[in-house]
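Protein chains: 2
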Amino acid sequence: MKKHNFNSGPSILPQEVLAKAARAVLDFNGIGLSILEIGHRSSWFVDVIEEARSLVKELMQLSDEYEVLFLHGGATTQFMQVPMNLLDDGETAAYCDNGIWGSKAAKEASLFGNVNVVASSKDKDHTYINKGFAIPANSKYLHLTTNNTVEGTQWHRFPVTDIPLVADMSSDIFSRPMNFNQFSLIYAGAQKNMGAAGVNLLVVKKTVLGKIKRPIPVIMDYKKHIDANSLMNTPPVFAVYVALLTLRWIKKEGGLKEMERRSNEKANLLYSTIDSLPIFTSHVVKEDRSNMNAVFFLTHPEQEAPFLELCKQEGMIGVKGYRTVGGIRVSMYNALPLESVQAFCDLAKQFAAKRG
Amino acid sequence: MKKHNFNSGPSILPQEVLAKAARAVLDFNGIGLSILEIGHRSSWFVDVIEEARSLVKELMQLSDEYEVLFLHGGATTQFMQVPMNLLDDGETAAYCDNGIWGSKAAKEASLFGNVNVVASSKDKDHTYINKGFAIPANSKYLHLTTNNTVEGTQWHRFPVTDIPLVADMSSDIFSRPMNFNQFSLIYAGAQKNMGAAGVNLLVVKKTVLGKIKRPIPVIMDYKKHIDANSLMNTPPVFAVYVALLTLRWIKKEGGLKEMERRSNEKANLLYSTIDSLPIFTSHVVKEDRSNMNAVFFLTHPEQEAPFLELCKQEGMIGVKGYRTVGGIRVSMYNALPLESVQAFCDLAKQFAAKRG
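Going down the list, the sequences are from chains S and R.
Positions 1 to 356 (the working numbering) are the ones given, in order, by the first sequence.
Positions 1 to 356 (the working numbering) are the ones given, in order, by the second sequence.
Hints should not be assumed to be uniformly reliable.
Computed list of lysine-lysine pairs in PhoX-like fashion (alpha-carbon distance at most 20 Å, straight line) [as the list claims (entries may be wrong)]:
(1) R:Lys-223 <-> S:Lys-104
(2) R:Lys-224 <-> R:Lys-213
(3) R:Lys-131 <-> S:Lys-224
(4) R:Lys-107 <-> S:Lys-223
(5) R:Lys-286 <-> R:Lys-131
(6) R:Lys-20 <-> S:Lys-20
(7) R:Lys-20 <-> S:Lys-107
(8) R:Lys-286 <-> S:Lys-107
(9) R:Lys-223 <-> R:Lys-213
(10) R:Lys-286 <-> S:Lys-224
(11) S:Lys-57 <-> S:Lys-213
(12) R:Lys-104 <-> S:Lys-223
(13) R:Lys-107 <-> S:Lys-213
(14) R:Lys-224 <-> S:Lys-104
Which residues of chain R face chain S? A partial, calculated answer using Cβ under 8 Å [what the hints assert, rightly or not]:
(15) Asn-5
(16) Ile-12
(17) Leu-13
(18) Leu-18
(19) Gly-32
(20) Ser-34
(21) Gly-74
(22) Phe-79
(23) Ala-196
(24) Val-218
(25) Ile-219
(26) Met-220
(27) Pro-235
(28) Phe-238
(29) Met-316
(30) Ile-317
Just so you know, these hints were derived from the structure itself, not from any lab.
Glycine included, every Cβ here is placed at the ideal spot set by N, Cα and C.
Construct all of the structure, not just a fragment, from the sequences and the given hints.
Dropping the structure here:
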């Protein structure tokens with residue numbers, strides 16, 4: 001049976017990326033060795049990581065002020081590593097609390113300096129994105145999560161401010177073009193739109209670094225990673241390679257503009273279907289809805305279990321909402337075909353016709 | 001041409017591990033999804049990580065006092081994470097300086113407490129392992145690197161002490177049986193004897209944890225990882241799976257006893273050949289020689305380049321010594337067949353016959 005992979009992350013990857021990754025595990029580029037057994041300082045791998053760094057700069061149209069790194073870990077590592085590098089003892093950072101991950105990021109930052117939560121949508125269960133809030137001038141940076149995977153909201157416009165913007169883009173990186181040069185630092189765990197779990201993308205404006213007096217452990221120091229061309233220690237070689245394959249695929253398919261066109265098409269189909277069926281209820285403010293993760297509920301909670309069971313029978317993976325939120329979550333990352341969203345919508349209509 | 005992979009890490013893996021890993025990238029266990037696109041909280045992956053944790057306990061014959069974790073990053077991450085968890089402000093840790101990695105570990109620890117280098121073989125370029133040194137009773141722990149990948153030395157007996165022993169086993173984990181219960185904490189980057197780069201194995205005696213007053217960032221906190229069964233955040237899924245495949249292979253081949261028998265056989269062949277050929281010089285004290293990494297030099301330095309060129313022509317990968325040491329390094333990890341060592345020795349003899 002055909003599987004429809006709506007996983008929130010790790011999530012669906014393009015079939016050709018998987019095919020090429022599998023081939024490289026057996027024999028990388030015909031050299032007679034696996035990608036898993038080549039040295040990270042060999043020209044074979046240096047070429048991989050350099051092409052990946054360069055493709056990130058190209059796809060995001062980053063100016064020369066930016067450096068691109070591939071680092072160990074996921075976004076949770078960056079919750080710690082960002083303030084380690086940017087927030088000195090006694091300084092204050094502004095954080096937006098628009099979901100579980102942003103809130104966790106703020107908590108970690110409080111170990112390194114003062115945290116000022118300048119915007120929070122907790123009053124309405126994180127079902128909207130704050131707008132027009134004040135950012136105190138003494139803020140070292142403003143941290144926000146561009147897409148809230150768990151709650152199904154997404155920033156569609158960003159604050160215009162002189163305070164350096166720091167963004168966790170783990171769940172919507174490479175899904176839409178924007179002026180990425182408005183951010184001073186961007187990070188993203190790879191396992192949604194960029195590849196396999198185990199590697200972080202880090203994009204940083206060099207001028208924000210080197211201002212901290214507190215010593216930074218070498219493995220956490222962005223500056224030292226930049227000096228080492230993202231090869232300070234053995235990187236997660238395979239995850240970097242899968243990221244390269246995914247970046248090549250994005251470019252070949254038409255870049256971020258095309259990714260956005262597909263995302264809009266999938267999200268429009270999904271949300272218009274849900275909105276047309278009274279058996280579903282969505283709490284997220286419409287203008288803040290995420291194009292990546294649609295979060296909604298069965299209007300009659302007793303219908304949730306049979307609906308999830310039906311999804312399972314039809315090969316639909318990962319549609320159960322996050323454990324703290326419940327309900328349904330349909331994740332529509334770059335690699336998810338429109339056909340999968342169509343199949344879900346058909347099933348939803350069929351369920352509504354029988355049970356509505 | 002057949003390649004002989006003497007890489008120091010990432011390094012050679014068993015062919016059947018590579019074949020199974022490649023298959024899982026296409027379709028994991030026949031479920032119709034890639035290992036790269038399944039959720040880390042799915043029963044599919046929970047089974048993987050639980051089997052891997054359990055195989056580590058079995059192969060190392062660990063008592064119930066120990067927990068096994070798979071964490072993001074490599075040994076360099078642990079250089080920071082170990083003192084974060086074990087060394088409080090003002091406390092002192094004892095470190096052995098027997099090579100470049102141990103020395104780096106000590107440097108990172110000094111950011112968290114006092115470091116007392118209780119043993120150093122720096123006086124002779126780290127060509128031996130210290131013995132019979134004193135460990136002050138106030139030491140929070142004693143850190144040592146069981147195998148020095150760069151310098152080619154290995155600990156064959158360990159200090160008997162009441163001070164908790166902490167060991168970086170990155171380059172000889174699973175290569176020999178020993179009483180692992182003599183250590184309070186063991187860590188190892190996976191990319192030598194255990195799989196692909198991007199994951200750390202951590203073995204820890206629970207009783208040494210929870211004694212630090214300084215707050216620990218959540219992603220660095222061993223205790224929180226234990227509470228979450230090594231699934232606090234998205235782990236490096238593929239690297240954990242490759243570790244599981246490698247652990248299964250080790251068990252099937254006969255466990256650590258058989259790995260040691262093979263290592264001894266390979267190392268004896270290599271060292272006896274080198275010792276018999278005057279064109280080679282080895283500076284490492286014989287009783288401290290590493291079974292994993294043989295480090296030696298051409299007696300006449302001008303012969304190094306032609307010898308390395310010959311190795312390259314014959315498909316021998318990774319035999320150039322570490323950049324700070326130079327010379328030749330032959331790494332003989334678990335997956336390296338005896339045939340590759342034989343091929344290297346034959347080539348060495350052939351070179352000696354012509355140039356000796």
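Going through the hints against the structure:
The hinted pair formed by Lys-223 of chain R and Lys-104 of chain S meets the criterion: a straight-line CA distance of about 18 Å does not exceed 20 Å. Restraint check: the Cα-Cα separation between Lys-224 of chain R and Lys-213 of chain R comes to about 15 Å, which is no more than 20 Å; the hinted pair holds. Taking the CA atoms of Lys-131 of chain R and Lys-224 of chain S, the gap is near 35 Å; set against the 20 Å cutoff, the hint is violated. Our distance criterion of 20 Å between C-alpha atoms is met by Lys-107 of chain R and Lys-223 of chain S, whose separation comes to about 18 Å.
For a cut-off of 20 Å, the pair hint linking Lys-286 of chain R to Lys-131 of chain R stands: about 14 Å separates their Cα positions. Pair hint Lys-20 of chain R plus Lys-20 of chain S holds up; C-alpha atoms about 15 Å apart against a cutoff of 20 Å. For the suggested pair Lys-20 of chain R and Lys-107 of chain S, the alpha carbons sit about 41 Å apart, so the restraint of at most 20 Å is broken. Between the alpha carbons of Lys-286 of chain R and Lys-107 of chain S the distance comes to roughly 52 Å, so the proposed pair goes past 20 Å and is violated.
Distance check on the hinted pair: Lys-223 of chain R and Lys-213 of chain R sit about 14 Å apart at the alpha-carbon level, within 20 Å; holds. With a C-alpha separation of about 37 Å, the suggested pairing of Lys-286 of chain R with Lys-224 of chain S is violated against the 20 Å cut-off. A threshold of 20 Å between alpha carbons decides the hint, and for Lys-57 of chain S with Lys-213 of chain S the separation of about 30 Å lies outside it, so the pair is violated. Between Lys-104 of chain R and Lys-223 of chain S, the direct Cα distance comes to roughly 18 Å. Compliance with the 20 Å bound is thereby established for this hinted pair.
Of the supplied pair hints, the one linking Lys-107 of chain R and Lys-213 of chain S holds, its CA atoms being roughly 18 Å apart against a limit of 20 Å. With a C-alpha separation of about 14 Å, the suggested pairing of Lys-224 of chain R with Lys-104 of chain S holds against the 20 Å cut-off. Contact between Asn-5 of chain R and chain S, as hinted, is supported at the beta carbon level, the nearest pair being about 6 Å apart and thus within 8 Å. Hint status for Ile-12 of chain R relative to chain S: holds, with the closest Cβ pair at about 5 Å, below 8 Å.
Hint status for Leu-13 of chain R: holds, given a least beta-carbon distance of 5 Å to chain S, under 8 Å. Checking Leu-18 of chain R against chain S by beta carbon gives a least distance of about 5 Å; that is within 8 Å, so the hint holds. Hint on Gly-32 of chain R holds. Least Cβ distance to chain S is approximately 4 Å, under the 8 Å limit. For Ser-34 of chain R, the interface hint holds, since its Cβ comes within 8 Å of a Cβ in chain S; the closest pair sits about 5 Å apart.
With a least beta-carbon distance of about 5 Å to chain S, the hint placing Gly-74 of chain R at the interface is held under the 8 Å criterion. Restraint check, Phe-79 of chain R versus chain S: the minimum CB separation of about 7 Å is within 8 Å; hint holds. Residue-level restraint check for Ala-196 of chain R holds (minimum Cβ-Cβ distance to chain S is 5 Å; threshold 8 Å). With its C-beta approaching chain S no nearer than about 6 Å, Val-218 of chain R sits inside the 8 Å limit, and its interface hint holds.
Of the supplied interface hints, the one on Ile-219 of chain R holds, with its beta-carbon coming within about 5 Å of a beta-carbon of chain S, less than 8 Å. Using the Cβ-Cβ criterion of 8 Å, the hint placing Met-220 of chain R at the interface with chain S is satisfied: the shortest such distance is roughly 7 Å. For Pro-235 of chain R, the interface hint holds, since its Cβ comes within 8 Å of a Cβ in chain S; the closest pair sits about 7 Å apart. Annotation: Phe-238 of chain R was flagged as interfacial toward chain S, and the flag holds, the nearest CB pair being 5 Å apart, inside 8 Å.
At a threshold of 8 Å, the smallest CB-CB gap from Met-316 of chain R to chain S is about 12 Å, leaving the interface hint violated. Taking 8 Å as the C-beta contact cut-off toward chain S, the hint placing Ile-317 of chain R at the interface holds, the least distance being around 7 Å.
Violation of the numbered hints given earlier is confined to hints 3, 7, 8, 10, 11, 29; the remaining hints are satisfied by the structure.
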